[in-house]
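From first to last, the protein sequence lines are chains G and V.
FYI, in my numbering the residues of the first sequence are 1 to 274.
FYI, in my numbering the residues of the second sequence are 1 to 137.
One or more hints might be untrue.
Stretches of chain G that chain V covers, calculated by requiring three or more beta carbons in the stretch to come under 8 Å of a beta carbon on chain V [unchecked claim]:
#1 28-38
#2 53-61
#3 69-83
#4 154-162
#5 218-224
Treat the hints as calculated values from the structure; they're not laboratory data.
We put the CB at the ideal spot given by N, CA and C, even for glycine.
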Amino acid sequence: MKFLGVVIVCLTGALLLYGTGEFPDWGDPNSPASLHLSNDYIEKAFEETQVPNLVTAVLADYRGFDTMFETSVIFCAGLACFLLLRDFSQKKERFYRHIPTGVILHVKNSKKILKVGKEFEHMDKDWVPSDLIIKTVCRIIIPFIQLYALYVVAHGDFSPGGGFQGGVIFGSSLILLAISYDLKTLVNRIKEKVFGIYAAIGVLIYVGIGAICMPMGGNFLDYSKLAPLVPGDPHHIRALGMLGIEIGVGIAVTAVMAIIYINIVSEGRHDEGL
Amino acid sequence: MTDLLPLIVAKYNYWLYVILMMIGLYAMIAKNNLIKKLVGMNIFQTAIILFYVSIGYKTDATIPIIQNAHGGGSHGAVIHAADYINPLPHVLMLTAIVVSVATFGVAMALAVRIYQRYQTLEEDELRMRLIDIGPEE
Numbered sequence: 001m002k003f004l005g006v007v008i009v010c011l012t013g014a015l016l017l018y019g020t021g022e023f024p025d026w027g028d029p030n031s032p033a034s035l036h037l038s039n040d041y042i043e044k045a046f047e048e049t050q051v052p053n054l055v056t057a058v059l060a061d062y063r064g065f066d067t068m069f070e071t072s073v074i075f076c077a078g079l080a081c082f083l084l085l086r087d088f089s090q091k092k093e094r095f096y097r098h099i100p101t102g103v104i105l106h107v108k109n110s111k112k113i114l115k116v117g118k119e120f121e122h123m124d125k126d127w128v129p130s131d132l133i134i135k136t137v138c139r140i141i142i143p144f145i146q147l148y149a150l151y152v153v154a155h156g157d158f159s160p161g162g163g164f165q166g167g168v169i170f171g172s173s174l175i176l177l178a179i180s181y182d183l184k185t186l187v188n189r190i191k192e193k194v195f196g197i198y199a200a201i202g203v204l205i206y207v208g209i210g211a212i213c214m215p216m217g218g219n220f221l222d223y224s225k226l227a228p229l230v231p232g233d234p235h236h237i238r239a240l241g242m243l244g245i246e247i248g249v250g251i252a253v254t255a256v257m258a259i260i261y262i263n264i265v266s267e268g269r270h271d272e273g274l
Numbered sequence: 001m002t003d004l005l006p007l008i009v010a011k012y013n014y015w016l017y018v019i020l021m022m023i024g025l026y027a028m029i030a031k032n033n034l035i036k037k038l039v040g041m042n043i044f045q046t047a048i049i050l051f052y053v054s055i056g057y058k059t060d061a062t063i064p065i066i067q068n069a070h071g072g073g074s075h076g077a078v079i080h081a082a083d084y085i086n087p088l089p090h091v092l093m094l095t096a097i098v099v100s101v102a103t104f105g106v107a108m109a110l111a112v113r114i115y116q117r118y119q120t121l122e123e124d125e126l127r128m129r130l131i132d133i134g135p136e137e
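With the hints as constraints, model all of the structure from the sequences given.
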């Protein structure tokens, strides 16, 4: 099997390398990819949409349908993770720690549930005390990561960034919280339902903005028809429409990243993770 | 050999992506562990992403963000396509990266389920256990 694999891989690689002989050179301005549609995008997009970041203009306006379905693919991925892994059965054995004394209680009866609060706290089986340095540094750094994520979403029209990138940064800040403290901290702070609702709301914002354009007399996702609804310069209405859908994408991606992470690390039980 | 070298230098981006792709493909075909197969799939995707981004590059061009767009007095100034790299591959790969993360998550979830049921992620052991259980399941 290994030998066969090597043969297949070498054959494919040789064929592809043989094919590269016909390909344009690295950085050739006259390569076929940069001759047709892309010139039109570069020269016309700013005039038509008033968005300097061409990537966002193409992503959210010219290829708005594509991006809408990419967002729903991400939503479906979160849904699939939830449906595959979520396990609502309670574990039989539980561990609690008495905070003032540090005594660890091992509860074998599944019906007995201690109140978690000032006296007792949940504990994982292979629990190690979280390091003070890591906790403190993460506590300081997480708000700044989230602020940066909001910046990346909000400035997606003018600088590198957008809903996907900002959403992933925001989601990673939540994952950092779960890693540096423990998974329960994240799950208790933001409920599972909230994540699910946010993932749906994100897709809904995108589709909703597209749908509002239709009763205003335009096609689906034709932001220019939204001008009577939004005060301000009507020239920038396309930029504002794009910002709206980028916010939707950001919310959906954040929630789905958190759903995937929480379900995978705890095998769907949402109790103890990495 | 003297003919080949300038060819490689002029098109080294394609050589890099082909090598990365071969690594990913080999891992997907020959590795026994499902997680290693997934890592191979991710390397494969990275190779495709590199390929797309590299065909969007133009020499002496900058990132596809119009310079001095607002308030720079450039309203009405002609934008030359040769000054900005091709935005289209970046758009396609931007969504492809996030979707690849999402699909990787689903694949990991499936791997977790397989491990919960069969207590292994090695392909040959999985095949043996499937035979043991029999065709009714």
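Quiz item: Okay, the segment 69-83 of chain G and chain V, do three or more residues pass the C-beta test at under 8 Å?
Solution: holds (count 7)
Quiz item: At a Cβ distance under 8 Å, does chain V reach at least three residues of the segment 53-61 of chain G?
Solution: holds (count 6)
Quiz prompt | Given coverage of the segment 154-162 of chain G by chain V, checked by CB-CB distance under 8 Å (3 or more) | solution = Three-residue rule met by the segment 154-162 of chain G, so holds; n is 4.
Quiz item: Counting residues of the segment 28-38 of chain G with a beta carbon closer than 8 Å to any beta carbon of chain V, are there 3 or more?
Solution: It holds: at least three residues are needed, and the segment 28-38 of chain G offers 7 whose Cβ sits within less than 8 Å of chain V.
Exercise. Establish whether the coverage given for the segment 218-224 of chain G by chain V is satisfied; the threshold is a Cβ-Cβ distance below 8 Å, and no fewer than three residues must meet it.
Key: violated (count 0)
In this structure, the one hint that does not hold is number 5.
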